[in-house]
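**Student:** Sequence:
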Amino acid sequence: MTRSLTKFLLCGVCVAVATIAPVGTADAQEHWRPPFRDHEVRHFDRHHHEMWRGGVWRHGAYFGRNGWWWVAGGAWYYYDAPVYPYPMIVSEYAVPAAPPVVVQPPPTVMVPSAPPPAPPPQLQQQQQVWYYCDNPAGYYPYVPSCPTQFRPVPAQQK
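In mature numbering (1 follows the signal peptide of the UniProt record, and there is no 0), the protein residues as written are -28 to -1, 1 to 130.
Because the hints were derived from the structure by calculation, they are not lab data.
Source: prediction; values computed, not measured.
Among the hints, a few may not be true.
Label-pair distances were calculated between CB atoms; the ranges are [claimed, not checked]:
no.: 1; residue 1: P93; residue 2: P116; range: 34 to 40 Å
no.: 2; residue 1: P93; residue 2: V73; range: 54 to 60 Å
no.: 3; residue 1: Y114; residue 2: P93; range: 34 to 40 Å
no.: 4; residue 1: E12; residue 2: G36; range: 56 to 62 Å
Yeah, the Cβ is synthetic: ideal placement off N, Cα and C, and Gly gets one too.
Construct the complete structure from the given sequences, taking the supplied hints into account.
**Tutor:** And the structure:
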């Protein structure tokens, strides 16, 4: 191999490694800090003391660790066992509380109601007719047959 080809390949490998190599792990917990700065409750100010006392014990797995958790001030603090009424020392292992899951109902879709049905068309009242025969003179059905044609005449009210 020639010297220039070796340099070229070495440069290519360096560029590939620099491109592919991770720059650093982005751990959200590295940047998160619990709201309680002091590790001893007796050093808390009034606000933090009330927040700490308002916490609750939870037992179970959270953030990959199973055990007792003191949940206060938007954070979970791990303990081997519960301390009553509340821990006097803030745990070294603290994780942020999961953000609340907000389920928004779908927007209400207003569907216009259908217009009322059109009124039925008014049927024109057909005029009542009788059928008259001129020879023999009379109305059907009293004259059962007519040698000429029956003719319609307006019916008369009795």
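**Student:** Indicate, hint by hint, whether the structure satisfies it.
**Tutor:** Evaluation of the provided hints:
no.: 1; hint: P93 to P116: 34 to 40 Å; result: holds, 38 Å
no.: 2; hint: P93 to V73: 54 to 60 Å; result: holds, 58 Å
no.: 3; hint: Y114 to P93: 34 to 40 Å; result: holds, 37 Å
no.: 4; hint: E12 to G36: 56 to 62 Å; result: violated, 27 Å
In summary, the one numbered hint that this structure violates is 4.
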